[in-house]
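Engineer: Here are the chains, one letter per residue:
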Amino acid sequence: MNIRFEQVMPFPLSSIKHGEESIWGNKVRFDSGEKVILNASSGKGKSTFTMTTLGLRHDYSGNVFYNDNDIRSMSYEDWTNIRQTKISVVFQDLQLFPKLTVRENLKLKNDLSPVYTEEELRSLLNQLGIANKWNQECGILSMGQQQRVAIIRALAQPFEWILLDEPFSHLDEENTQKCLTLIHQRCDEQRAGFILTTLGDDHGTKYDREQKL
Amino acid sequence: MLKKLLFKNQDKKQLIIAMIGAFMGITFLITSIHYLIKVNEFGEGADILGPNTIIVQKKVSNSSSLNLTKTDFSESEIQKMKNEPFIEDVQPVISNNFDVSFETADPMVPRFRTDVFIQTIDPEFLDVKSDKWHWKEGDEFVPIVLPRDFLVMLNTFMSAQGIPQVSDDLAKDVKFKFTLKNDTDKEWVDARIIGFTNEVASILVPESFMKYGNDKYSTEKEKKITQIMIAGKESEFGRVEEMLNERGLESKNSQMVVGRLKSMVGTLFLVVLGISVIAVFVSGLVLIQYMQLLMSRNAYEVRTLLRIGYPPKMLINHFFIYFVKVFGIISASGLAVFFIFKFFLDEMFESGGLYIDTTLSYQSVLSLLFAYLIFSVASYRNAQKGIFKDY
Numbered sequence: 073m074n075i076r077f078e079q080v081m082p083f084p085l086s087s088i089k090h091g092e093e094s095i096w097g098n099k100v101r102f103d104s105g106e107k108v109i110l111n112a113s114s115g116k117g118k119s120t121f122t123m124t125t126l127g128l129r130h131d132y133s134g135n136v137f138y139n140d141n142d143i144r145s146m147s148y149e150d151w152t153n154i155r156q157t158k159i160s161v162v163f164q165d166l167q168l169f170p171k172l173t174v175r176e177n178l179k180l181k182n183d184l185s186p187v188y189t190e191e192e193l194r195s196l197l198n199q200l201g202i203a204n205k206w207n208q209e210c211g212i213l214s215m216g217q218q219q220r221v222a223i224i225r226a227l228a229q230p231f232e233w234i235l236l237d238e239p240f241s242h243l244d245e246e247n248t249q250k251c252l253t254l255i256h257q258r259c260d261e262q263r264a265g266f267i268l269t270t271l272g273d274d275h276g277t278k279y280d281r282e283q284k285l
Numbered sequence: 005m006l007k008k009l010l011f012k013n014q015d016k017k018q019l020i021i022a023m024i025g026a027f028m029g030i031t032f033l034i035t036s037i038h039y040l041i042k043v044n045e046f047g048e049g050a051d052i053l054g055p056n057t058i059i060v061q062k063k064v065s066n067s068s069s070l071n072l073t074k075t076d077f078s079e080s081e082i083q084k085m086k087n088e089p090f091i092e093d094v095q096p097v098i099s100n101n102f103d104v105s106f107e108t109a110d111p112m113v114p115r116f117r118t119d120v121f122i123q124t125i126d127p128e129f130l131d132v133k134s135d136k137w138h139w140k141e142g143d144e145f146v147p148i149v150l151p152r153d154f155l156v157m158l159n160t161f162m163s164a165q166g167i168p169q170v171s172d173d174l175a176k177d178v179k180f181k182f183t184l185k186n187d188t189d190k191e192w193v194d195a196r197i198i199g200f201t202n203e204v205a206s207i208l209v210p211e212s213f214m215k216y217g218n219d220k221y222s223t224e225k226e227k228k229i230t231q232i233m234i235a236g237k238e239s240e241f242g243r244v245e246e247m248l249n250e251r252g253l254e255s256k257n258s259q260m261v262v263g264r265l266k267s268m269v270g271t272l273f274l275v276v277l278g279i280s281v282i283a284v285f286v287s288g289l290v291l292i293q294y295m296q297l298l299m300s301r302n303a304y305e306v307r308t309l310l311r312i313g314y315p316p317k318m319l320i321n322h323f324f325i326y327f328v329k330v331f332g333i334i335s336a337s338g339l340a341v342f343f344i345f346k347f348f349l350d351e352m353f354e355s356g357g358l359y360i361d362t363t364l365s366y367q368s369v370l371s372l373l374f375a376y377l378i379f380s381v382a383s384y385r386n387a388q389k390g391i392f393k394d395y
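So the sequences go chain by chain: Z and C.
Just add 72 to the spot in the first sequence (first one is 1) and you have the working numbering.
Just add 4 to the spot in the second sequence (first one is 1) and you have the working numbering.
These aren't lab readings, by the way, just hints derived from the structure by calculation.
A few of these clues could be false.
Subject to a maximum C-alpha distance of 25 Å in a straight line, what follows is the list of computed DMTMM-like cross-link-like pairs (lysine to aspartate or glutamate) [what the hints assert, rightly or not]: (1) 16(C) with 176(Z); (2) 16(C) with 238(Z); (3) 389(C) with 149(Z); (4) 284(Z) with 92(Z); (5) 237(C) with 128(C); (6) 171(Z) with 238(Z); (7) 8(C) with 238(Z); (8) 220(C) with 173(C); (9) 190(C) with 141(C); (10) 8(C) with 192(Z).
A short, non-exhaustive set of chain Z residues, derived as facing chain C with CB atoms under 10 Å [unchecked claim]: (11) 128; (12) 138; (13) 140; (14) 161; (15) 164; (16) 181.
Glycine included, C-beta positions come from ideal geometry on N, C-alpha and C.
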């Protein structure tokens, strides 16, 4: 699935001058399976990009297309299908359920369109060094631990794209690399692409191109 | 897991208060509808006259005895009464204008003969099947409705003769005959009892028979209408009685007592019904409001679930089913307590001499289903509104 932005301008960002390479106000296309770093300083609309792409914000001019479908014309059923099987996301504010345990948070997502067994989910947690948090409420984990849970939750579904909105902001380099390895692995398995928003650091990972905001 | 996520975060105290309110409302709703119907049905079938029906005449005063005031009803008086909002119908009671006697004509029963007074009333007022209540010249017999007092008198006579008394059913098989006559002619017509009445003192015959007798044997001009039948609307007997007093009319006391009693108990249950409907409505609103509160408390959870791909319909169904179950528990408890109430109330009525039909009225169950349906629709719409607000 290709994603196209055509002259998209979020209303809150319309007063800021955007360059010719920016997504905002220009034509930009993300081809299926591409791995893209979206590099921008604070306040340039990285989260706005994630929310707009996922159909969660509608306060913009221009058009966003999935293949040739304008996302404004999509129904509730279409969005449910997209969010279950086409586009996965790690939100900047993570959006975990703090009163549920790590297990419950992961199962809640995985049970929608099952990808992993419980054992596999535990194994993923183990790879990221938080297997011992399996039965702990997410609300009492550190931000770095929560980020790792959110990443595994995003991987626990079939997808063609994964949107990662500053997903390593509370992680050290070692854990960041472990997460990136998992993300690459899962994307390659499904021939999926990712769009990773960062504040300028590419974390030394492999990617196809860099896009400015 | 979804249940834990969506329903753990709630203040159950408010839910329990709303449930108690709805439970009480539902219980009284079913109870009041059931007894309102049973009280209105009370007395039906006991008499051949229809329910809420009375026969009235003008009060006889000294002045009317001296012919200074009229005791008969004019057409306009009858029409005025018909126009009253609490009156179902008013019809004149037509009397015989010729000599008529009534006697037994059955070899099994000793001869008994007496001059009688016969009357006819509109078939609408009679609780008999219309195919039985007709007569034409040449018919085998004329159907009659006999005053029960007449049967008592007949039985007293038979007892004095040393003959076994007859029951209502047996009396219907006994052959009788009328003798119609004037100064020059005489005729016998067979008659059969088809029912009994406590409310009318004369023998009731079909209108066609009365017309036949009046046309053929009458010696006078048109007969005056001195009695009329009034059918009042359900639970409006107080207003009928008020009208009778205002117009100087009177009726048999037993008819008035039953009507007054039904009206009073009916009004009481109507008041309870009104309060119950309000209680059910208000507690339903509180439950719906509680649902809104629960959804707004879980706004983050609902929004996040939608964002990670949960179908809105699945979330709507979770809220909807939860509240439908809550109302189901309320309704089942209300119905169970109604049966307990019914058991004691039926016993109370019976020991008080009011033999109300104890079968379950389907209207009370229907009212419960109706309340359940309304609440279910309101819950679904409310859940739908709450979920899509976050989409």
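Engineer: Confirm or reject each hint.
Structural biologist: Each hint, compared with the structure:
Of the supplied pair hints, the one linking residue 16(C) and residue 176(Z) holds, its CA atoms being roughly 24 Å apart against a limit of 25 Å. Restraint check for residue 16(C) and residue 238(Z): not satisfied, since their Cα atoms lie roughly 39 Å apart, outside the 25 Å limit. With a C-alpha separation of about 17 Å, the suggested pairing of residue 389(C) with residue 149(Z) holds against the 25 Å cut-off. Restraint check for residue 284(Z) and residue 92(Z): satisfied, since their Cα atoms lie roughly 9 Å apart, inside the 25 Å limit.
Taking the CA atoms of residue 237(C) and residue 128(C), the gap is near 14 Å; set against the 25 Å cutoff, the hint holds. Annotation: proposed proximity of residue 171(Z) to residue 238(Z) holds, straight-line Cα distance about 24 Å (limit 25 Å). For the suggested pair residue 8(C) and residue 238(Z), the alpha carbons sit about 30 Å apart, so the restraint of at most 25 Å is broken. Among the hinted pairs, residue 220(C) with residue 173(C) is inconsistent with the structure: their alpha-carbon atoms are about 33 Å apart, more than 25 Å.
As the CA atoms of residue 190(C) and residue 141(C) are separated by approximately 15 Å, the hinted pair is consistent with the 25 Å bound. For the proposed pair residue 8(C) and residue 192(Z), the alpha carbon gap of about 24 Å is at most 25 Å, so the pair holds. A distance limit of 10 Å between C-beta atoms decides the matter here; for residue 128(Z) the minimum to chain C is near 6 Å, and the interface restraint holds. Hint status for residue 138(Z): violated, given a least beta-carbon distance of 15 Å to chain C, over 10 Å.
For residue 140(Z), the suggested interface contact is broken, since its CB lies about 23 Å from the closest CB of chain C, more than 10 Å. Hint on residue 161(Z) holds. Least Cβ distance to chain C is approximately 8 Å, under the 10 Å limit. Given the 10 Å rule on beta carbons, the hint for residue 164(Z) is violated: about 13 Å separates it from the nearest Cβ of chain C. Interface restraint check: residue 181(Z) against chain C, minimum CB-CB distance 6 Å, threshold 10 Å, status holds.
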